[in-house]
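Enquirer: Here is how the chains run, residue by residue.
Number of protein chains: 2
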Amino acid sequence: MEKKETVTNSCGRILPKYIEGYGEIRPFLGAFETGPIEENEMRIVTGFQKPGGEKLVGTIKEALEKSGIKDGMTISFHHHLREGDEVVNMAIKAIRELGIKNLKLAPSALFETHKMILESLKDGTIRQIEGSMNGSVGRATSEGKLSSVAVLRSHGGRVRAIRQGDLKIDIAIIAAPTADPYGNANGLYGKNACGPLAYSHADSLYAKKVIIVTDNLVKYPAIPVSISQINVDYVVVVDSIGDNTKIVSGTTTIQSNPISEKISKFATDVVEHSGYFKEGFSLQAGAGGISLSVVKSLGELMEAKGIKAAWANGGTTRYVIDLFKKGLIEKVSTCQAFDLVSVQSMKEDPLHLETNIDFYANPFNKGCLVNLLDVVILGATEVDVNFNVNVNTHSDGYLLHGIGGHQDTAACAKLTIITVPISRKTNPIIVDDVTTITTPGECIDVVVTDVGVAINPKRKDLIENLSKTDIPLFTIEQLRDKAAELAGRSYVKPKTTDRIIGIVQWRDGTVIDVVYQVDTNKDEK
Amino acid sequence: MEKKETVTNSCGRILPKYIEGYGEIRPFLGAFETGPIEENEMRIVTGFQKPGGEKLVGTIKEALEKSGIKDGMTISFHHHLREGDEVVNMAIKAIRELGIKNLKLAPSALFETHKMILESLKDGTIRQIEGSMNGSVGRATSEGKLSSVAVLRSHGGRVRAIRQGDLKIDIAIIAAPTADPYGNANGLYGKNACGPLAYSHADSLYAKKVIIVTDNLVKYPAIPVSISQINVDYVVVVDSIGDNTKIVSGTTTIQSNPISEKISKFATDVVEHSGYFKEGFSLQAGAGGISLSVVKSLGELMEAKGIKAAWANGGTTRYVIDLFKKGLIEKVSTCQAFDLVSVQSMKEDPLHLETNIDFYANPFNKGCLVNLLDVVILGATEVDVNFNVNVNTHSDGYLLHGIGGHQDTAACAKLTIITVPISRKTNPIIVDDVTTITTPGECIDVVVTDVGVAINPKRKDLIENLSKTDIPLFTIEQLRDKAAELAGRSYVKPKTTDRIIGIVQWRDGTVIDVVYQVDTNKDEK
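Heads up: the sequence lines are chains A and B, in that order.
Per the numbering used here, the first sequence starts with residue 1, numbered consecutively.
Per the numbering used here, the second sequence starts with residue 1, numbered consecutively.
Because the hints were derived from the structure by calculation, they are not lab data.
Keep in mind that the hints are not guaranteed to be accurate.
A pair holds if it fits inside one copy or across any two, identical chains being indistinguishable in the list.
Result set (DSS-like, lysine-lysine): computed pairs, CA atoms no more than 27 Å apart in a straight line [what the hints assert, rightly or not]:
1) Lys347 with Lys308
2) Lys122 with Lys265
3) Lys208 with Lys168
4) Lys101 with Lys61
5) Lys17 with Lys495
6) Lys347 with Lys219
7) Lys168 with Lys458
8) Lys296 with Lys326
9) Lys326 with Lys347
With the hints as extra help, turn the sequences into a complete structure.
Expert: Listed below in structure tokens is the structure:
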């Protein structure tokens, strides 16, 4: 095999200069080192409606035909319904019936419920996925079952890519809990209300054709207008777009166990003494069980100390809504609802704002919300001694999670806290070198484990503030050693082939890491 | 003088092929005959914000300097505050202090309160106006005081021009009754609440630089987000952006006089028997006194007959809100509030929707709201025997009004009714040939005067339906004769020079008519 030309990015990852199915790579240079490449954003006029036009069509298949679906196109979806989504499956079924091949799928994320896609990978319907992959599809990708390399982006990075033309969507298919016949849609009403339709907002603006799929057609105009008629070509009514009770996934409930409780206590202590815990601060917590637990205990602290947050952003859960209702958080902005309590709050409270992802996290607009974030609490699959964080792969090398807003919030928040157990079963979690770098160490301020806390040495202010407390502080190397001790072994990089199956973009479009196909033959375990 | 090459448009207007300061003209071909010219819409990335960036600057002058203001640029404004706006004046003052010359002004509309602009026309600060001109600025334009030709567009046409790149805005200055330090803005709250910020929505998306000027800075995030932070460069706080009590102008109150009452009765009768007056119909009425009077009497009819409208759009007034509150109109969409009752309703009622102008009326998106409109009631300065309507000039040739949504609604509504007195003082209003064609006769269905009603002969269905009633029906020629009789004279075209001072675009960007400089020397009256 020919030796490929390589380039080393600023995290030290050695990357090929060119990747088949992706093209030339731009290496990651630092969290804020790369600006917009192109001066121009293109928006193509792909149809306009005169009076008398109709948008309602009978079936998804018909809408796809009217949209001019062809081999090789790029089709996008959102994941607001998470494990309860049925629209991806319905669309793929229609596409297979039409005999269309070689598609690029550009979902904001795929879940276990979409495992029927595996058939479409085999029969050549789908060639490539640009989007997050949770569960079986990620597993299949890791085993080399996609014919082209997968591209992973953060939420903000996905919108940046769409707006910059890196990700050109031919047809956006948008599951809508409520829509009117002219294409206005929202996620607040209907039997499958899921909250915002934020992931699809950019798709609706920039895709050539836009299809709304709804199970709740209402009289014109559907209010609120999360997706606007001015961007919609067709509306399809189906019996059911899925099951919204499944937007509550395993990652969005509090884990009550001693490890989680310790982490939660340490993280709350870190926030309290960080210097950022003051009247009017802002807050985001991820959907992981530990993050939620931190929200809960932080809320108790806020109540005890009489401190109110100006706003919280999320991935919103009932734990945040609880503080919002108590007046401990003044305003809530939501780009994804993680439970039905959050959906209900969006309907009831005008101070609960639906934010699209451009607003939330696009690094190349005139100012996204995460730029103003004080404190974010995030999870990880692994953290290394350079504070680099992995959220995409497991220690066995399998690509099983998306990036979500991890990069966006970590890069921008004034205080970025990673909460992880120091080990999981026999896997040490604080390691020498993460399997995959999702977020570079320069963006991480504090790592909180059940054993103790490590502060990024560059944050001398935090070291000073937290040294005065009884929080058990360690160097990251000490945590690594403790992790190995508790797991009963040091970390070993998983065995992989030299075929790249996934590219992890930084939010600015540069490449921060690549994921290799797992070596299923040599893996003896 | 050289003879210029001309072209005749489909209304029979003879136009020069080329106009200095405008370029080649594309002649009007019919209400729906011209589609988008360009396949591509350009959006230029003109700055992006990293964390830590500040948008608050001390003065409008400073914001203009930071925006890189230069001679020859195009500066835009909105007119939601109508006669109560002070921001245009403050900005022009700052621009004059900076010594900037040769600007193109692209307001959605100018009013009498902006007459200080006349000084800026004299000293060369302003070269050209693309936007509606009411009052003194229009008068000055008519007298040839602008060095370059003015361009008039409908509301929908303006957004089309911005999105298509025909109107490239360098700096948009947006008066905001409420804003936060990161640029989110709305018109619902604050001492100068004016309702929507709809006119500026496209400006905020497409202008290179965007400046928010507010007199009510609130904590982040300002909700609702009518103008989004992701498009805003600078925020300036001033003592006062104007006086919102002046959004109620003379054209937005009911005139109670016998002529108005007759017109109102006939128009209501026309709607009732047109075939469109049924459960779930949709409705828009202009801001003219007569239109408002029709809304009122139509509301009484709806109540009497037990018929509810699905929605009403506007230019919204308390007369519409009254029907909304009574449940006679289910939903209201508003792109301009004509009084504070309407502003209050937008705050209180989630079924009262703020619509931006792209949504309302852009002919080149995937479906604007007016496409679905059943009934619209509009005013006019003149109507001719071809049903062509003038709303821009008076019979003396002076350009004193903008187009507003006249073209957009007239072209799209299923029933377009023009309400006019048959004569005004000694001016006949139904004439052989209007001074200026704003909206072509093909879009007009019924002309209602205080003397009687004329139906466009192409609407055989309406002729059949209305012939069965006691509405006094005439041919349009009969109305013209009655007009001349009552005015005591036939219509005479105003004396003009051969210099074109204004171009009236159709909503699709073609030219439907031009306006000539009035001949102030020869005019003896």
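Enquirer: For the identical chains here, do Lys208 and Lys168 meet the 27 Å Cα criterion within one copy, between copies, both, or neither?
Expert: Result: close both inside a copy and across copies, 8 Å intra and 24 Å inter.
Enquirer: 27 Å Cα cut-off: does Lys296 pair with Lys326 within a copy, between copies, both or neither?
Expert: Cα proximity of Lys296 and Lys326: one copy only (12 Å, versus 45 Å across).
Enquirer: Checking an output row: Lys122 and Lys265, CA cutoff 27 Å. Within, between, both or neither?
Expert: Neither: 47 Å inside a chain and 70 Å across chains, both beyond 27 Å.
Enquirer: As a check of your reading, is Lys347 near Lys308 (CA-CA no more than 27 Å) within one copy, between copies, both or neither?
Expert: both (23 Å within a copy, 25 Å between copies)
Enquirer: If the cutoff is 27 Å on CA atoms, where do Lys326 and Lys347 land: within, between, both or neither? Let me know, please.
Expert: For Lys326 and Lys347, both the intra-copy (17 Å) and inter-copy (23 Å) Cα distances are at most 27 Å.
Enquirer: When Cα atoms must be at most 27 Å apart, do Lys168 and Lys458 count as within-copy, between-copy, both, or neither?
Expert: Neither: 39 Å inside a chain and 46 Å across chains, both beyond 27 Å.
Enquirer: My question is about Lys101 and Lys61: at a cut-off of 27 Å on alpha-carbon distance, are they close within one copy, between copies, both, or neither?
Expert: within (15 Å within a copy, 57 Å between copies)
Enquirer: Could you figure out if Lys347 and Lys219 sit no more than 27 Å apart (CA to CA) within one copy, between two copies, both or neither?
Expert: Both ways: Lys347 and Lys219 sit 18 Å apart in one copy and 22 Å across, limit 27 Å.
Enquirer: If the cutoff is 27 Å on CA atoms, where do Lys17 and Lys495 land: within, between, both or neither? Let me know, please.
Expert: within (23 Å within a copy, 72 Å between copies)
Hints 2, 7 from the earlier list are contradicted by this structure; the remaining hints agree with it.
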